[in-house]
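K.L.:
Protein chains in written order, with this note's numbering: chain A, 48 to 372; chain B, 92 to 380.
A few of these clues could be false.
[As the list claims (entries may be wrong)] Cβ pair distances, simulated, as ranges:
| hint | chain 1 | residue 1 | chain 2 | residue 2 | range |
| --- | --- | --- | --- | --- | --- |
| 1 | A | GLY153 | B | ALA361 | 30 to 36 Å |
| 2 | A | ARG58 | B | ILE95 | 48 to 54 Å |
| 3 | A | GLY227 | B | TRP112 | 45 to 51 Å |
| 4 | B | VAL263 | A | ALA107 | 40 to 46 Å |
| 5 | A | VAL116 | B | ALA319 | 27 to 33 Å |
[Claimed, not checked] Incomplete in silico selection of chain B near chain A, CB under 10 Å:
| hint | residue |
| --- | --- |
| 6 | LEU103 |
| 7 | SER172 |
| 8 | VAL183 |
| 9 | SER223 |
| 10 | ARG226 |
[As the list claims (entries may be wrong)] From the derived model, a few chain B residues whose C-beta atoms are all more than 10 Å from chain A:
| hint | residue |
| --- | --- |
| 11 | GLY96 |
| 12 | PHE121 |
| 13 | GLY173 |
| 14 | VAL366 |
Derived by calculation from the structure, the hints in this document are not laboratory data. We treat Cβ as the ideally placed atom computed from N, Cα and C, and that holds for glycine.
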Amino acid sequence: MDDAISIQSLRKEYGDTVAIDGLDLSIPSGEVFGFLGPNGAGKSTTIDVMLNYVRPTAGAVTILGYDAVDESKAIRRRVGVLSDGYALYDRLTGREHVELAIELKGADDDPDRLLRRVGMADAADRPAGGYSKGMSQRLGLGVALVGSPDLLVFDEPASGLDPNGVRTLREIVREEADSGTTVFFSSHDLDQVEAVCDRVGILNRGELLAVDTVDGLRERLGAATRLCVDAVPLPDADRLSNVEGVGSVAAEDGRLVADCTDGETKFRLLSAVRESGATLVDFETETASLEDLFAASVGGSDIEDSAARSDVNARPDDGPVEVDA
Amino acid sequence: MSVIGLARKDVLDISRSRMVWGLTGVFTLFSVLGVSLFALLGVEEASAIRAAEAIAFPSILLVPLAAIVVGYMAVVGERRSGNLRLLLGFPVSRGAVVAGKVVARTVVVAGSIAVAFAVAGGVGFALYGGFSVLRYAGFALATVGLGVAFVGLAVGISASVRSRGKALALAVGAYFLLVLFWQLIAGGAYYAVTGTVPGVEVPAWYLVLERLSPSMAYQVLVESALGAPVQASIFSIRPPDAMTATAAEQLGGGPVPVSLSTSASALVLALWSVVPAAVGYWRFRASDL
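Looking at chain A on its own, in the form it has when it is part of the complex (with noise of 0.2 Å):
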């Protein structure tokens, strides 16, 4: 078995609501998989799935080649777990709970080393209950690496954290990375995926709609590089649609912006905007970021409405959890 992860015609629905619609996901071991979507997509169900934290309605889940219901425990004696919504124990120092999981995990790791890693090694005896959010985040990526995992789960590992937090967390996936272990990062914020990820999977109101590599994925939505030129007098932008390779053209506070699908298309449209006898001022050009791309596949409405929605439910993604509460 190859793959650290195998996903076939996942279900899960919650009383009537329906989580995650015939998810099929095969992750390569070794592989950096950014799992991307707005809040309340089903990223945190798909993970809680993985972990047995829930059981699928249909479908099969093989991780690390071991069944997910039946087979968790030895799951999770090889994966790393930051999952969404976990709470540390208030009373137990940051070293308790590094402890802890390498007691439970049967590990030898050296809690100090692994404290240090996570830079909370100046906080560890002080109980967990007197953290900050970035310092719980931190310790919660300190416990996951413990057992040196085979594969790491992490589930919004970015939130809370601060941009010192961020590079370590990014530090962390590229060291494990580079070790063998695959990582499944579950984000909602595109520049965390992209900074680290091999592929990158975009999931939202619980369909997968496309896998692929970051540059894949640019290609594939027609995602072109940008160009601003700016120029006097201004060319019009009708003339200039014209050159090959060009998507659209239209002008901007005072600029022309013009969508290309290749770096040789810059050059013909500059060369173009030059022969329309204006003088070339400035230009610049901006690489289409994942965002755009994420607006283009799940459309840009769908995003702002399940971010306002999570600011009022605390974990958007098992909203409906609490059926017979």
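Once you've looked at the hints, dock chain B against the given chain A.
P.N.:
What follows is chain B alone, placed relative to chain A:
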């Protein structure tokens, strides 16, 4: 293996809770008050055995309460807070989580009882002089048994529900049913069957029914440990004489069946500590966090 690790973590966690120390303090205080009551009042028949009996009363009321308070949030509290999402990221089964909780909370409740009994025993010794350490230890052990029964019940409730409110409602209900009103309920059952109120002499089935409650089973064990009748029932509808009568006397002579032996009452406490926890685990086993 992981049960011990989980239990150790849990003991570490809740032994730092002020609530546990508060409960221990209150229980110790009441036990000391109970044991010194006769001496304070200058009652003539003040004796070690009467004093011990005076601890049994606060024990019957407070030990189940303490065990419920210590146990009812054990699983559901961690479920709601998100602690379980951390804990179940480790290679531990849900059965080990529930078992670890029962073990840990039992250790804590037993510790509280040990402190209270040690302090009250010291005070009793100073006031009344010598008494059998063995009998007193048996009394303390029976009290731990009562605590274990309610810890198992409370953890079982905690594992079987999703909300703290539901756990609290069930735990409070269980306390009223088993500690305060059991004899009224048994009496009601007796009335439904026979059309009369139970007197001093009752059929064996009625005594068995009475002793199915952990509180009554505890009383049987305490009487056996102390070798004397203990008056510690609440809200009984039977005549006062029934409280001090032996099982044989209540049956109107004749042999006492095994189901009314001291061992049977010990078994009742053991079942209360195991069966609700097992039911709780069964409900928790396959449920979504």
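K.L.:
Now tell me, hint by hint, if it's right for this structure.
P.N.:
Hint by hint, here is what the structure shows:
Hint check: GLY153 (chain A) to ALA361 (chain B), Cβ distance near 32 Å, so the stated range 30 to 36 Å holds. Judged by the Cβ atoms, the range 48 to 54 Å given for ARG58 (chain A) and ILE95 (chain B) is violated: they are separated by roughly 38 Å. Range check, GLY227 (chain A) to TRP112 (chain B): about 49 Å between beta-carbon atoms, so the 45 to 51 Å window is met. Separation of VAL263 (chain B) from ALA107 (chain A) is about 43 Å and conforms to the stated range, judged on CB atoms against 40 to 46 Å.
For VAL116 (chain A) and ALA319 (chain B), the Cβ-Cβ distance of about 56 Å falls outside the hinted range of 27 to 33 Å, so the restraint is violated. Hint status for LEU103 (chain B) relative to chain A: holds, with the closest Cβ pair at about 7 Å, below 10 Å. With 10 Å as the threshold, the beta carbon of SER172 (chain B) comes within range of chain A, its nearest partner Cβ sitting at about 5 Å, so the hint holds. Hint status for VAL183 (chain B): holds, given a least beta-carbon distance of 6 Å to chain A, under 10 Å.
Taking 10 Å as the C-beta cut-off, the interface hint given for SER223 (chain B) is violated, the closest approach to chain A being about 40 Å. A distance limit of 10 Å between C-beta atoms decides the matter here; for ARG226 (chain B) the minimum to chain A is near 38 Å, and the interface restraint is violated. Distance to chain A contradicts GLY96 (chain B) as a non-interface residue, since its nearest Cβ pair spans about 5 Å, not more than 10 Å. With a cut of 10 Å on Cβ distances, PHE121 (chain B) stays outside the contact zone with chain A, its closest approach being about 27 Å.
Some Cβ of chain A comes within 10 Å of the Cβ of GLY173 (chain B); the nearest lies about 4 Å off, and the non-interface call is violated. At roughly 23 Å from the closest C-beta of chain A, the C-beta of VAL366 (chain B) stays outside 10 Å, upholding its exclusion from the interface.
This entry does not satisfy hints 2, 5, 9, 10, 11, 13, going by the numbered hints stated previously.
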